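Residue numbers (this note's numbering), protein chains in the order written: chain A, 13 to 217; chain B, 13 to 217; chain C, 13 to 217.
Any given hint might turn out to be false.
It does not matter which identical chain is used: a pair holds within one copy or between any two.
Calculated lysine-lysine pairs in the DSSO-like style (CA-CA distance at most 30 Å, straight line) [stated by the list, open to error]:
#1 LYS189 <-> LYS216
#2 LYS121 <-> LYS189
#3 LYS80 <-> LYS121
#4 LYS215 <-> LYS121
#5 LYS216 <-> LYS121
#6 LYS80 <-> LYS216
Rather than coming from a laboratory, the hints here were simulated on the basis of the structure.
Remember, predicted model here, so these are calculated numbers, not experimental data.
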Amino acid sequence: MRLRLRPRDDSYYEMFADSANNLVTGARLLAELISEDADREAVGERMRACEHAGDERTHAIMRRLNSKTATPFDREDIYRLASSLDDVMDSMDAAVDLIGLYRLERLPKGIIAQVEVLERAAEITAEAMPRLRTMDDLARYWIEINQLENQADQIYRRLLAHLFSGEYDALTVMKLKDVVEELETAADAFEHVANTVESIVVKKS
Amino acid sequence: MRLRLRPRDDSYYEMFADSANNLVTGARLLAELISEDADREAVGERMRACEHAGDERTHAIMRRLNSKTATPFDREDIYRLASSLDDVMDSMDAAVDLIGLYRLERLPKGIIAQVEVLERAAEITAEAMPRLRTMDDLARYWIEINQLENQADQIYRRLLAHLFSGEYDALTVMKLKDVVEELETAADAFEHVANTVESIVVKKS
Amino acid sequence: MRLRLRPRDDSYYEMFADSANNLVTGARLLAELISEDADREAVGERMRACEHAGDERTHAIMRRLNSKTATPFDREDIYRLASSLDDVMDSMDAAVDLIGLYRLERLPKGIIAQVEVLERAAEITAEAMPRLRTMDDLARYWIEINQLENQADQIYRRLLAHLFSGEYDALTVMKLKDVVEELETAADAFEHVANTVESIVVKKS
Chain A
13 MRLRLRPRDD
23 SYYEMFADSA
33 NNLVTGARLL
43 AELISEDADR
53 EAVGERMRAC
63 EHAGDERTHA
73 IMRRLNSKTA
83 TPFDREDIYR
93 LASSLDDVMD
103 SMDAAVDLIG
113 LYRLERLPKG
123 IIAQVEVLER
133 AAEITAEAMP
143 RLRTMDDLAR
153 YWIEINQLEN
163 QADQIYRRLL
173 AHLFSGEYDA
183 LTVMKLKDVV
193 EELETAADAF
203 EHVANTVESI
213 VVKKS
Chain B
13 MRLRLRPRDD
23 SYYEMFADSA
33 NNLVTGARLL
43 AELISEDADR
53 EAVGERMRAC
63 EHAGDERTHA
73 IMRRLNSKTA
83 TPFDREDIYR
93 LASSLDDVMD
103 SMDAAVDLIG
113 LYRLERLPKG
123 IIAQVEVLER
133 AAEITAEAMP
143 RLRTMDDLAR
153 YWIEINQLEN
163 QADQIYRRLL
173 AHLFSGEYDA
183 LTVMKLKDVV
193 EELETAADAF
203 EHVANTVESI
213 VVKKS
Chain C
13 MRLRLRPRDD
23 SYYEMFADSA
33 NNLVTGARLL
43 AELISEDADR
53 EAVGERMRAC
63 EHAGDERTHA
73 IMRRLNSKTA
83 TPFDREDIYR
93 LASSLDDVMD
103 SMDAAVDLIG
113 LYRLERLPKG
123 IIAQVEVLER
133 AAEITAEAMP
143 RLRTMDDLAR
153 YWIEINQLEN
163 QADQIYRRLL
173 AHLFSGEYDA
183 LTVMKLKDVV
193 EELETAADAF
203 EHVANTVESI
213 VVKKS
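Bound-form chain A, shown alone (with noise of 0.2 Å):
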């Protein structure tokens, strides 16, 4: 038996799958919650209940990050990797948020397509944080969310053009628009991610 004397930190790969697990739990919240007959106050609750998870997650990794044990990858990386995991939960939770302090009652049809994308992307981000250990097949990860962000950009684009249609007043518009740049801004920090993810595996290669 050969003994590694530094021993890479294989516990990442967990924290970043649970990281991205937790936004999995984020975005289908976010799905209920504009639904028509959502019970609103209680999905907030879980939302911030969420948002805390997410917190902590972080928190840990950083712990960890700073404790200067050895790293399976550079740090810069590992930093980037979960701030940006982060952003992506602070901007739904932010959307969720905002529609309550607003009392928003009808939504644009347009924000059921943009938490869809949200969804999608969250789900193949938790499924290939597990493989940054072996670093098996990411490319058709970060290929994906490339093409989802590009739709999350359409939906978003159209979404402003409704919003100034002249069906809305400006105060309301004013409040969707927040709401539906926090559901964009979510969809960039996915993108952040899959970037992070790419060079990774680029420098590994």
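Could you slot chains B and C onto chain A? The hints should help.
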């Protein structure tokens, strides 16, 4: 007498303390500006001078960092700390600027509470910076900053709800929202400062 | 003949120059688009192509950076430089996109001045990039960029005041503000490019 061949550059502590003390001045000017009978033009002038002084402090830190002399902690952390301190000042200065530019005579009461949180955050940040030398008693600081940031969030959300309560026309909402968002960004930047301090301390322990 | 064992990778200079030259093209397209009798659809198409070309250049730099071959300056600085050049293009492209999306027929005159500053900034940035090889005469460049950014700030603030002057309804203000803010973000990104160049030069001196 023992010679230390690579003396750490202690002046960083003074530079950070200096930068944070400047934020105390800035936060107090902000409080003065939003008080009932302020000479807004005069206070605006002093704020601009304060922001320039802050810029010079930031550049001095960056210059020293670029000089490649030894640093008391990770270069990346020094960079982040200096940048976040600068971000706080930029947001406070932008808020003052917008109040003047938009000729906002009446401000909602909630803004006073927002600024009070910034004043307190500036004070405890300025007190904490010199303790970076000994790393003493810093947890107390970042815990209070996190509490202040939560408070700031609450106040910000209440202000948003108030802005859309029907009391203001759409153009006024847009103007006030810009100001309120800059102040919220300043509170977030104080938290970034504290996160960086926490990360520095954890690495050294 | 002396062999250099780890030759620095000189092609970075060409890649940055290439990326900055693409910004000159983008800024000129922006100027064309806002001119009186522009064929906005055709110019919009060319802007999209220009943005894609920029993306490819950025990816090429990032790929080389990830390949772990020797770099002529700090990896982090190369990363920052490439990212900021990309940010400029993204903001100029977003501005063009919004003008089309919002069907903004009439634009305020101030936008012409804003775009002129961007054109000049793009030109001197493109001129400066090849000088990174010799580090020659770069202070002149970053000083002018800082002046241009101050000018851009002034123009931006005057535009904001103009938008809220009462001439426009709230929805139009929201649309124009989005465009004007993207252009201001582009000017800021040019300053980030210059700051990174300054930091590279200072480290080498």
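Verification of the supplied hints:
1. LYS189 <-> LYS216: neither (41 Å within a copy, 44 Å between copies)
2. LYS121 <-> LYS189: Answer is both: 14 Å inside a copy and 26 Å across each meet the 30 Å cutoff.
3. LYS80 <-> LYS121: neither (48 Å within a copy, 47 Å between copies)
4. LYS215 <-> LYS121: Neither: 42 Å inside a chain and 48 Å across chains, both beyond 30 Å.
5. LYS216 <-> LYS121: neither (43 Å within a copy, 52 Å between copies)
6. LYS80 <-> LYS216: both (21 Å within a copy, 9 Å between copies)
In this structure, the earlier hints numbered 1, 3, 4 and 5 are contradicted, and the remaining ones agree with it.
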